[in-house]
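Quick note, the sequences are listed as chains G, W, C and D, same order. Those letters in the first sequence? Residues 1 to 380, by my numbering. Those letters in the second sequence? Residues 1001 to 1380, by my numbering. Those letters in the third sequence? Residues 2001 to 2380, by my numbering. Those letters in the fourth sequence? Residues 3001 to 3380, by my numbering.
Hints are computed from structural coordinates only; laboratory data are not their basis. Virtual Cβ for every residue (Gly too), placed ideally from N, Cα, C. Any given hint could be a false lead.
[Unchecked claim] One-sided excerpt, in silico: chain C residues whose CB lies under 8 Å from chain D: (1) Asp2171; (2) Thr2242; (3) Ser2244; (4) Gly2248.
Number of protein chains: 4
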Amino acid sequence: MTDHLATATEVAEALRADAAERDRANRPPLPEIDLLRSSGLLGLPPDDHVGTHAVTRVIAAADASIGHLLGYHYLHLWRFGLFDNHEATARIRRGTVENGWFWGGASNPGDVLTVTPSGGRLLLSGRRPFATGAAVADRLIVNATRTDNGDRLTLDVDAHHPGVHHPDDWDNSGQRLTASGSVVFTDVPVEPDQVVGVLPPADDPRMVRLVLSSIGYQSMLAQVCVALAEGALAEAAKYTRTKSRPWGTSGVDQAVQDPYVLAGYGEAVAETRAAALMVDAGVSALQAASDLGPAITPELRGETGIVVSTAKVVATGVANRVTARAFDFIGARATTSALGFDRFWRNARTLTLHDPVVYKAKEVGAHYLTGELPTPTAYS
Amino acid sequence: MTDHLATATEVAEALRADAAERDRANRPPLPEIDLLRSSGLLGLPPDDHVGTHAVTRVIAAADASIGHLLGYHYLHLWRFGLFDNHEATARIRRGTVENGWFWGGASNPGDVLTVTPSGGRLLLSGRRPFATGAAVADRLIVNATRTDNGDRLTLDVDAHHPGVHHPDDWDNSGQRLTASGSVVFTDVPVEPDQVVGVLPPADDPRMVRLVLSSIGYQSMLAQVCVALAEGALAEAAKYTRTKSRPWGTSGVDQAVQDPYVLAGYGEAVAETRAAALMVDAGVSALQAASDLGPAITPELRGETGIVVSTAKVVATGVANRVTARAFDFIGARATTSALGFDRFWRNARTLTLHDPVVYKAKEVGAHYLTGELPTPTAYS
Amino acid sequence: MTDHLATATEVAEALRADAAERDRANRPPLPEIDLLRSSGLLGLPPDDHVGTHAVTRVIAAADASIGHLLGYHYLHLWRFGLFDNHEATARIRRGTVENGWFWGGASNPGDVLTVTPSGGRLLLSGRRPFATGAAVADRLIVNATRTDNGDRLTLDVDAHHPGVHHPDDWDNSGQRLTASGSVVFTDVPVEPDQVVGVLPPADDPRMVRLVLSSIGYQSMLAQVCVALAEGALAEAAKYTRTKSRPWGTSGVDQAVQDPYVLAGYGEAVAETRAAALMVDAGVSALQAASDLGPAITPELRGETGIVVSTAKVVATGVANRVTARAFDFIGARATTSALGFDRFWRNARTLTLHDPVVYKAKEVGAHYLTGELPTPTAYS
Amino acid sequence: MTDHLATATEVAEALRADAAERDRANRPPLPEIDLLRSSGLLGLPPDDHVGTHAVTRVIAAADASIGHLLGYHYLHLWRFGLFDNHEATARIRRGTVENGWFWGGASNPGDVLTVTPSGGRLLLSGRRPFATGAAVADRLIVNATRTDNGDRLTLDVDAHHPGVHHPDDWDNSGQRLTASGSVVFTDVPVEPDQVVGVLPPADDPRMVRLVLSSIGYQSMLAQVCVALAEGALAEAAKYTRTKSRPWGTSGVDQAVQDPYVLAGYGEAVAETRAAALMVDAGVSALQAASDLGPAITPELRGETGIVVSTAKVVATGVANRVTARAFDFIGARATTSALGFDRFWRNARTLTLHDPVVYKAKEVGAHYLTGELPTPTAYS
C-alpha cells in the first residue's frame, strides 16, 4: 500500500491546489477523473477495502467530491464480484486496469430502470434521479428489472453509449463535483455477458453477501466524513500559521499563541483522531466480512453493519462540528469566496444527509440493548 | 411600532421570495435598498432601539444581509446624535426621511482615512478595507484624522461623490449582499457643517457616551443571529410540511410525524426563543443606556455592554447550531443550490466571526467573577 | 413583591449556610419548613404566579429541595381555587396564612386512593408511591375515587391524622430533602367540607381550567432548574475567587485570571441568563392563563403549555450542563464531600428526570410544525 | 492475556455485585484489595502496558475506584524499573508476586517529604496531602529529598511501618474508595537497598525516560474514563431492559422500543467505542515508548505524550457526558440511593478534574499547529 498512498498523496496535492476554485466553477469533474486515471489509482484491487479506504481518505481530505467518486468506484467494482460470476468479474477488472475505466452507479433502490429482451440482447431504458458519478463515468453498474419475467439484474453498462443521457441537473450546495444528477437510458443495448448477476429474492441466503454492499457504501461515507475533518483542519492550520492575526485583546503576538485557538484545535484534532480510529475499525470489520465470501452469515453481516453504523454516527458528528468550528480558528478574513473554506462544511453537511444518521444511532442502540441486528436495506 | 412591523413583514415577504436566487447572483443590493427606501423603513427614529431592532429582526429573518445593512443604517444615524450637534443631527435625520438616504459606514478602528484643510473645507482621502454597505449607500458616516492637528472627526459624507470609489472586492461565502468591500476616498470635499463631531481623547468623560455605539453594533449583530435561526427554522418547517418524505424505516407516513424530526424542531425552537429573549434584554439595556444621554456613567455603560455580550454569546451559538441542524429536518434533497438553504448557515458562520465570541464570553465571565467591566473598544 | 424577595433572600442565606451538610444528613426537612413558616413565605397569594415563582427561584438557588417544596406548596393552594369552591378556598387560604400550614400533595395520576362513605363522612385509604413533601406537610391535597359512585374528588386532608403514615422510604441521590417518599392512608376521615371539588369527565369544558395545574407544576420544575444553575455558579464563583489555585502552566497568578476559567464562566452565565428569561416568559404565560379563570379555552391552555414546555426544554439542558461544568471552574480540590458541590448536579439530574424532556421537545416541535396542541395530561 | 482477562472479568463481577453499596458505605477498600490479591492480578508484569490497561478497564467498569488503584499499582511498579536498578526491581517484583503486595504512591510534585541519614540508613518524614491508595497499601513508592545533599530519591517503603500514618481524611464525592487522603511519615527507616534511584537534574538525558511515567499515569486516567462510560452503559442497559417503563405518550409497549432511548444509547455507545479506540492508541504509543528503554528520545517521549493527551481529551468528554446522559435512558425511578447510579457520574467528574483537561487540549493543539512538544511535568 505504501506506493499507492504515496501516489494518492501526490494526486491529493494536485487536487488541493485548486480545490476551492474548482468547487466554485462547478464543472463536470472530467479533468479530476483523468488525474485519477493517469495515476493508476483506479486500478487498485477493490477487495482490499483497507487499501482502498486509505487511498480514499487521502484524496477526500483534499477534495471530498473526488474522494467520494473514487471510493464508490472501488465499491462498484467489488460489488460485481459478489455474484461469483468469475468470467464477468475478471473481464471487468481487467478492463478497468487496462483502460482506466472510471465506474459510476445507477442502482439505488426504487429504480424504475427496465430491460426488455430484443433479438438476443436486452434494451435498457428509464430514468434514475440520483446517480453519483454517472455523468463522468466510462462504465456503469446498473440494477434493472426485466420486463418479461421480473428478474432484477445487475448490469455492466457502457456509459458512453449514445442512449445514455445526463440532463446536467446536479447543482448542489455541497459535494458539488460528484456529478450526482440524474441519468436517462433510452434503449441502451446490453449483451448477455454484460448481465453480471441476477438478484435472488430478499430471503435467499445468497442475499446476505450481496447486501453486504450497503455496508460498504456506508463505510465509505464515514471515511469521507473523517477526511473532511482532516482536510479542514489541515487547511485551517496553514492559515492560522501564516495569515491569522491575533485578536486585539488576546495579549499574544501571534494567532498560534492564542489560548482559545490552541485548545480549540486540540479538541477538534482529538475528536477527529478518535473518529478516524472508529472508521478504521469499521473498515476492518468490513474487510473481515468481505473476506469470508459466501461463508458470511446473517449474524456476521449484521454485526459488521453495527460496527460501520457506529463509525458513521461518530464520523457524522465530527465532520459537521469540525468543519464549522475550524472557522473560529482562522477568523473573519477567512470567509472570502476566494478561499472557499466553507466548502468543507457544505460538503460535510451534504454528505451527512445521505441518509439520516439518527436511524443509524437507533440501530446501534437497539443492538446494544437487545442484540437486535438491522434489517438489510440499501442503507444498512 | 405595529405599523412599522407590518410594513417590515411585507418587505420581508418580498425579500424572502427570491432570497436564495439573489444570494447566488451576488449583485450589489441596490434593488433591495430601493425596496427599503420606498417602504419608508429607512426613516424610523434611530434612537428607538427597541423599534429598530424589532424591524431588523423581521427583515433579517428573510434576508440577513439586508437586515444587517438596515440595522447598521439605524445605528449610524443614532451615532451622529451622540455628539449632541443638534443642527447636524436634525439636518441628517430630516434628509434621511425626506430623501430616503441609505447610510453606510467607514469608521472602524485602524482607519487611515485623513482630511486635509483646503480653502475652507476639508478633503477626505484614503482607503478603508471593510466598509459594510458603503458600496450601495447614499451617505456615509466616516471617521477620519485631520492631517494638520490630528483631530479625529466624524463626518457626514456624500457617497455619490465621484471621489468615492468602491473596488467591488467583496465576494464572500456569507452575508454576500452586505456590500462590505473596501472604499477609497480621493479628495472628497467635506464642508464644515458635514463635520458632525470631534472625538475627544479616550479618557474624556464624553467618550463614555460616544463609545456606547460599539455596544449598539454588537447588539445588532446578535439580533441578526437570532433572525437567522428564526428564518432557517421557518423555511425548514415549510419544507418539512410540504416536501420532505418520511424515512423508510421510520414507520410514519409523513415527515411531520417522525419523532426525531419533531424533537429536533422542538429543541431548536426552544433555544432560538431563549436567545431571542436574551437579545431583547440586551436591546432593553441598550435603550435604557441610550436614553440616559450624557448622564451615562462608565459603570452603566459597562453593565450595558455585559448584557449585550451575554446576548451575543447566546445568539452566536444558536445561530450556528440551528442553521446547521435544520438540514437534518429537511433531508438530502434540500441541499440543492436552487433551494440555497445553506445560505442561512453561511450567513451565520460569517456574521459570528465578526469578532471572536470567546472574548465576549471572557468579558462576561470576568464581570461575573470579579465585577470587572470591559475596556471600551470598537467591539465592546 | 420587593418585601417578599427580601425575606426570601434572608431565608436563602440561612439555608445556604448549611445546605451541603443538610444534604448529607438527609433528615426530614422539618426545620427547613419551620424556617419557611416563620418567615411568612408560606402565606403568599398563590394566584400570583409571578410572585411565587420569583420567591421560589431565590430559595431554590440556595436549596433546591426546599425550593421545590415551596413551589409545589403554592401550586397546591392555587389548584384548590380552580374549582371555584369559594368557601373552601377561602377557608384553606385563611388557615394557611393564620396557621402557617405547609401543603404537600398526593394526587398524581394512577392513584389508587379511595374514599368510602361512612356515616356522613368519607374514609380515605390507599397508598401513593410518590408524594412530594407529604412526609413533612401539615395538610395535603389529595385526589381519590369514591368507591360507591366512581367520582374523582379533590380533598383537603389533615396530614397529622394518625391514619396518615409515611414509610420513610425516600432515599434518593438528588433532591434528597423533598421528602418525596410514599404515603399510606388508612381510614382517614374526610368531612363533607373537605371535599373541595369533583373532577368532571376529561371532555368537560371545566377540565380545561382544572388541568392548567399540570402546566403550573411543569413551570415550577423549570424554575427550580434555573435556580440550580444560578446556585451552582454563585457557589463556584465564591470558591474560584477565594480558594482555587491557578493551574501550573496557565501563566497567571490567580484562578480568576485563567482564560479558560473566565470564558467558561461567561458561557455558563450566558446560557443560564437566557434560560431564566425563557422561564420568566413561561411564568408570564401561566399567569395570563390563570388570570382568565373560567374563560380559558383549550387553545389558550395549549399555547400556554407550549411556552412552558419550551422553557422546560431550555432549563433542563442548562441545569444539567451548568451544574456539571462548574466543577471545571473550581478544580479537583472542590470534590470533597464536605463541600458537597456535587449536590447541584445530583439535584439537577434527579429533577430533570421527573418526566422525559424529549417528549416536551416533541410537543414544541409538533406545535411549531403543524400548530398541534398537546393533549392535556398530568405532565402537559 | 486471555487468562488474565478472564480472571479480571470474574473479579469485576464480584465487585459489581455490591459496588453501589460499598460506595455508600465508604470504608477503606481493604476487602477489595484482598480480592485483587487473591486473584493474582496484582502480580501481572507491569511493563506490559497493553495487558495491564486491559485488565484495568475491566475492573474499573465495575468499580472505578478499585480500577484506579489497580492501574496505579501497575504504574508504580513499572516506574521503579525505569531506574535500571535491576537488583531492586527484581526484588520488588518478586516480592509483589510472592506476597501479593499492593502498591500505593506518595510521589507527586511539590512533596515536602525528606530523608535524613541516620546510622547507615535514612529516616523518612513529612506529609503528603494526596496519596492515592496509600492508606490501604502494603508498600509505597515515595519520592523524598535528602536533607544533607538535596538529592531527590525514589524509595521503596514499607507501608505497614508504625511511622506511617493515614489521617483518614479522604471523604470525597467521587472515586470514594481510592483511599486518596493524606499520608504522614515520622522517622520511617529506609535501608540503603530501598533507595531504588536518584532522580537526575531535569535536563539530564536520563530524565526523558523517567518522566515517561507521567504519561503512563495520564493514560491510566483516560482508561478509567472509558471504563466509567462502559460501566454506566452496561448497568443502564440492564435496567432499561428489566425495569424501565415506557413513557405514557411514547406509543410503545416497552422502554427498549422507545425511539429516543434507542438513539440515545446508540449515540452514547458510539462515542464510548471511539474513545476506547483512542485510548487503546495511547496505550500502544506508551507501550512502544516504554519498550525503547533508555533509547527513548525527547521527541519520541513528546509524541507519545501527545497521543495520550489526545486520548485523555476524548475520554474525559465521553466519561462526563455518557455517565450523565445514561440517566435519561433509565428514568426517574433510577435515582434512588439504593441503586446508586449517580456514582458513575460522580466518579467521572472527580477523575476528570485530576488535572484540567483544557490544558491537555492546548498541548494537542500547539503540537498540531507548530509541532511543539509538551514540557515534561508531573502531568505531561
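Against the structure, the hints:
no.: 1; hint: Asp2171; verdict: holds, 4 Å
no.: 2; hint: Thr2242; verdict: violated, 18 Å
no.: 3; hint: Ser2244; verdict: violated, 11 Å
no.: 4; hint: Gly2248; verdict: holds, 7 Å
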